[in-house]
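Peer 1: Numbering-wise, the sequence shown is residues -12 to 521 according to my numbering.
Derived from the structure by calculation, the hints contain no laboratory data.
One or more of the hints may lead you astray.
Stated by the list, open to error - Listed next, the in silico BS3-like pairs over lysine-lysine satisfying Cα-Cα at most 27 Å (straight line):
1) K355 with K374
2) K297 with K213
3) K306 with K366
4) K343 with K283
5) K343 with K306
6) K366 with K355
7) K299 with K272
8) K283 with K297
9) K283 with K272
10) K283 with K299
11) K213 with K272
12) K306 with K213
13) K306 with K283
14) K306 with K272
15) K343 with K355
16) K343 with K366
17) K213 with K299
18) K343 with K374
Stated by the list, open to error - Pairwise CB distance ranges, derived in the manner of DEER restraints:
19) T266 with A389: 25 to 33 Å
20) K355 with V416: 38 to 46 Å
21) D360 with S134: 53 to 61 Å
22) Q62 with R125: 44 to 52 Å
Where is the CB? At the ideal position from N, CA and C, for every residue including glycine.
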Amino acid sequence: MKIVTVVALLQLCLRATASVSDNDSTETALTAAPGDVALLPCYTAGNVTPNLTTWRKNGQEVITGGVSSPVGQQQRLVVLQDGSLNIRGVTPGDEGSYLCSSTLPGNITFRARALLQVASGPENVSTSISPASTLSNRTLTVHRGTSVSFNCSAYSYPTQELTWSFRGATSSNQSLASSSSSWLDFRIDNTQPSNQGLYTCTANNTFTHQAVNKDTELLVYYVPDKHPDCMWAPAEDPSHVLFSCSWFGAYPTPTLHWMEERDDPAALGRGPVNVSEVTEILSVKLNRSQLSEGQKLRCTAQHPVLAPGKEKECSLTLKLPFPEGEPLVTAMDGTSVTLICSESTSIPPANTTWRKGLQQEEINPGSKYIVSDEGAVLKLTIVNITKDDEGVYFCRSENPLAVTELEVYLTVRTSSAYTGAIIGIFIAVLIMGSAAIIAKTVFSSRHRICLGGGFRQMEEDRGDVLSLVESDDEQIFQAAVPRLPPTTNGHQTTLVQIHRIPSSDHEDAETADTSPQQQEDTAQTEEPVDLVTF
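With these hints in hand, go ahead and build the complete structure from the sequences.
Peer 2: Right, dumping it as structure tokens:
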């Protein structure tokens, strides 16, 4: 009687439990990763083993099993003795809502619900970097100094973590930003060459620990602020020259182009100089026949950063050498003399040397000849000069265009020549001094000279006679000059009467008509014309 009562009570408890479970709207949520084993529980209210259990997925029966059902080792879905559903190798297709119906002893039915969710992802991982240009190999490029935005998105179930990382020339797997949301972005302002490298967005499913990486290579294009350098270098043959154009510090490698600049822009690139190459340094070798005075060679640097027509460039304008200096130099034997020559106009710069004689023999520096240069000035010092050093010297400048020479003639003076010159100078000074003394003496005695017509003073024993000449016929008038009494100051005063002598035929005729007595009276009555004091 007691046993029957216990069984009855147990049946009532089971019915009550089944009723409660069947009416419960909650369900057991399970999450499984693909490939894992999922165990969906059914009867959990007691230790009674169900006689039969049926599992339905989304309303459709998928498997039925009980105590007497053998467990297949190869079956993926198996109903265990307690009514649980064992799913081996879970696939995304196993995901769904499951309903368990178990028949317990006493025909009691027990129902339970389970929600199986299969973890997925990361999937649909995508990245975006802008503004940027895309190359043919999917590599992105930006210009230095621009601001760049990075975005990454992905889907993972049940949870995920997104991370941006960077690996460059100076860093390795550096984390930049992270988030547990479905998207992640960050920004770099004023990008520099150090920002160039590989950017990776990692989407990690934190439940399954599955991760997906999305890599994007970003190149930072840049050019140096300076222009290319146009240079030259001498070749083994002096008539050849090597022109070089270099432009370092640009990324990617620029395209350099040598060309000859002409007055006609349409003729650019069609001259004898037309060389182009992707490189940081470009050289071209030219001979003298390809070069001329005033010719302009231009090197342009092309780069993706530079817009067409905005290329950076450098140029060389060729010029002939032109040595300058004094063409005539004089030195005294036994001394030293320095010949100076300067050459600063040649492009490319010329090789300037000193040579001697008409054969232009090279001068080897030593104790006799000292060669020195101070920038564009080349000096030749000749020590202890002798007469053998006299002659012509050449300052020879050569560049790839031509050879130009400056001729300098050196004259060597001996000491005897200088002695003769000194004597000559002394005589000249003596003569000039004597002339000055005579001139001074004449000037101090100027009161003894009578200006006007020419005269000759003759002194005779009988008295002073003054001869006056006043015509081309040189008629001489002579007269005795009476002396006046001495004065108190010790000087004598001579009274001179000057009579005009006829100088024309008319006057001669008038004189002829006059008697000698009239002429004598006229001479005595004429007033003195001038008074001269001696």
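Peer 1: A separate judgement is required for each hint: does it hold in the structure or not?
Peer 2: Here's how the hints hold up against the structure:
no., hint, in the structure
1, K355 with K374, "holds (14 Å)"
2, K297 with K213, "holds (13 Å)"
3, K306 with K366, "holds (23 Å)"
4, K343 with K283, "violated (35 Å)"
5, K343 with K306, "holds (26 Å)"
6, K366 with K355, "holds (14 Å)"
7, K299 with K272, "holds (22 Å)"
8, K283 with K297, "holds (20 Å)"
9, K283 with K272, "holds (15 Å)"
10, K283 with K299, "holds (16 Å)"
11, K213 with K272, "holds (25 Å)"
12, K306 with K213, "holds (25 Å)"
13, K306 with K283, "holds (10 Å)"
14, K306 with K272, "holds (17 Å)"
15, K343 with K355, "holds (13 Å)"
16, K343 with K366, "holds (14 Å)"
17, K213 with K299, "holds (8 Å)"
18, K343 with K374, "holds (14 Å)"
19, T266 with A389: 25 to 33 Å, "holds (31 Å)"
20, K355 with V416: 38 to 46 Å, "holds (39 Å)"
21, D360 with S134: 53 to 61 Å, "holds (55 Å)"
22, Q62 with R125: 44 to 52 Å, "holds (47 Å)"
Of the numbered hints given earlier, the model fails hint 4 alone.
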